[in-house]
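S.K.: Below, each chain spelled out in residue letters.
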Amino acid sequence: MNPRLKAIIRKEFIQILRDPRTLILILIIPIMQLVLLGYAATNDVRNIPLAVWDQARNADSRALLDAYRAADYFRLSYDVGSEAELRRLIESGKARVGLIIPADYSVRLQEGKAQVAFVLDGSDPTVASTALSASRLIGQAYATKIMEGRLARLGNTISIQPPVEVRTQVWYNPDMVSAYYMIPGVIGMILYAITSILTATTIVRERERGTIEQLIVTPIRPWELVVGKLLPYAVLGFLNTLEVLALGNLWFGMPVRGDLGLILGVSALLVLSGLGVGLFGSTIANTQQEAMLTVWMTLLPAIFLSGFFFPIESMPQVLQWVSRLIPLRYYLVILRALLLKGVGLEAFQMEVFALAAFGVLIMGAAALRFRKRLD
Amino acid sequence: MTQPLAKALHLRKTFGQTLAVDDLSLEVAAGEIYGLVGADGAGKTTTIRLLVGALRPDSGQIEICGYDLKRQVEQARAHIGYLSQRFSLYEDLTVLENIRFFAEVRGLSAEEWRPRSLEILEFVGLEQFTERRAGQLSGGMKQKLGLAIALVTRPRLLLLDEPTTGVDPATRQDFWQLIIRLVSDPPKGAGEGVAVIISTPYMDEAARCHRLGFMRSGRFLMEGTPGELRSALKERILELRGEPLTILRQAAEEDVDVEEAHAFGDRLHLRVRPGAAPAVIARLPDHIRARGGRVDDLRLIPPGLEDVFIALSKSED
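Chains A and B are the protein sequences, given in the same order.
Following my numbering, the numbering of the first sequence begins with 1 at its first residue and continues without gaps.
Following my numbering, the numbering of the second sequence begins with 1001 at its first residue and continues without gaps.
Rather than coming from a laboratory, the hints here were simulated on the basis of the structure.
There could be a bad hint or two in this list.
As the list claims (entries may be wrong) - Mimicking EDC-like on lysine to aspartate or glutamate, the simulated pairs with C-alpha atoms at most 20 Å apart in a straight line are:
(1) B:Lys1007 <-> B:Asp1022
(2) B:Lys1314 <-> B:Glu1243
(3) A:Lys6 <-> B:Asp1092
(4) A:Lys6 <-> B:Glu1111
(5) A:Lys113 <-> A:Asp60
(6) A:Lys6 <-> B:Glu1112
A quick note: this is a predicted structure, and the numbers were derived from the prediction, not measured.
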């Protein structure tokens, strides 16, 4: 191996190891992110606090409440005696939804015209929409059950069937666990953030401390400096990838159905982009803080427009176009499919090409600027 | 004179509208310590950075040990040791790791770097601190490590950009002893001798150089040995002692033959017109007494480099 390159890589590793605080942060942050996003940032809505104003208070109304209780979407947290009380609970956020059963519920039920009111707090759309559909589902199922019971009493033994039934089947993530969606996102974000931020700061640090001037008059060639400085951070990035992958698999039970070699190969393409962005940032910034903020600025759109949290399909058209410039977007599409579906790369030729093209372009542009800046 | 180790011809470098180095030529031979002397902004650092190839001149030629710096930059640099003004080490690396890094990137093999490093650390007096982190060295020790790093490849030409700025007097003294020893008694393997180009704003350091160039606005105002430079003002510097200094200075500046009066601590240096020294010595004391001052001593002294520098700076205005 090229002795100069070897010397730079060794120096860089010594410096990384001599700064244990940073190293620990680099290794711990992904775990924190994963745990936080795996648990807290879940879209799975369960145990929504429900306040009930049951004005009927009889066997029929209790049967209806039992139906709600049986599904784990709702927790019957409050039993209230007035609409004002119900409003207060929802305003204070203690209850997210309210169920109002009128006093004449049983009478109306006999007539087949019973109505109950379901009140929703729309301030959190995710919760509201889940609650709404869950409530409708429970209500319909309950109504169907009553109907069947009535028909049976009339001597009808055929169970009623709607003429068309939509049977849903969820593939790949049948329990729809949010963590499975989040883990690839965390891997991509960490890999991209670590490589870009660390690259930018490590190069700017040489300039800030004045050591780069000493390096310029050595026979080190610009590419050796770039490769030698970037390689150790690429290695760190891969360590993080494996770390998150292992934790996701062992703790969250995230399946890893695709080929590990493929996963790492695609990750290498994202690393190329991350290193390129970091290198580019280092040619703009003069201080480590500037470098950090410059890269951070590109990081936010990368995370929000990549489809990490929000589906790209539901973004405004303009943002959808912008998202095409974000390498993380392609990586996430590929990685999610590799992990969950276990498919090969044939299905993602466009994404792989886009990811590779972005990496090569940004790295090339950054290398040119870096060279110029040295002169 | 043997073949010069550094040779520059008509160097010129501009930064935007600013002319940093203007038609500058110099030659430095083995065994010489060459001083670039001048105030901040005179162009010393730019000149040195041109000579090591960290900057490219707009025009002009540079040869280092016979290699054209433009076309044979690697060969030329192989003979250069450079200590930049803002030189800083990797503070989280030890003394030995620092020197090893720079030795290896400059092409010393795995077998060579250790004996060389130890040898050069002994030369600068850091052999007991090989395992200490550079960040925990004193300022003077850092400077010596910098010098060791510049010397580890046994360069024939050493360029030092204000190496002693901000360093305490004892360390400056030590540092200069090393540089003098380097040229007079080079460490093993330096071949037919070493040349040093050093920039400094201090006149006492300038006086230690074998030859020097006074720089201002990117040009040499004058070049030569300290003796040659001083002889330009021979018989023209008077030392005046007495009290109070304000009256002494006013009286001196009123004399038509006194070009300039400068305070040096508790005394004044007067620069007089060529050949006017005896006349000034004869009449100035009476004039001072007439204005109410006291004269303790007024006599001709050999000029110092500082006098020369002040005179040169004024003459260009």
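S.K.: Hints first: check each against the structure and report whether it holds.
M.R.: Cross-check of the supplied hints:
Proposed proximity of Lys1007 of chain B and Asp1022 of chain B is supported: the alpha carbons are some 16 Å apart, at most 20 Å. At roughly 26 Å between alpha-carbon atoms, Lys1314 of chain B and Glu1243 of chain B are farther apart than 20 Å, so this suggested pair is violated. Distance check on the hinted pair: Lys6 of chain A and Asp1092 of chain B sit about 18 Å apart at the alpha-carbon level, within 20 Å; holds. Distance check on the hinted pair: Lys6 of chain A and Glu1111 of chain B sit about 15 Å apart at the alpha-carbon level, within 20 Å; holds.
Distance check on the hinted pair: Lys113 of chain A and Asp60 of chain A sit about 14 Å apart at the alpha-carbon level, within 20 Å; holds. Using a Cα cut-off of 20 Å, the hinted pair Lys6 of chain A and Glu1112 of chain B holds, with the two alpha carbons roughly 16 Å apart.
Checked against the numbered hints given earlier, this structure breaks only hint 2.
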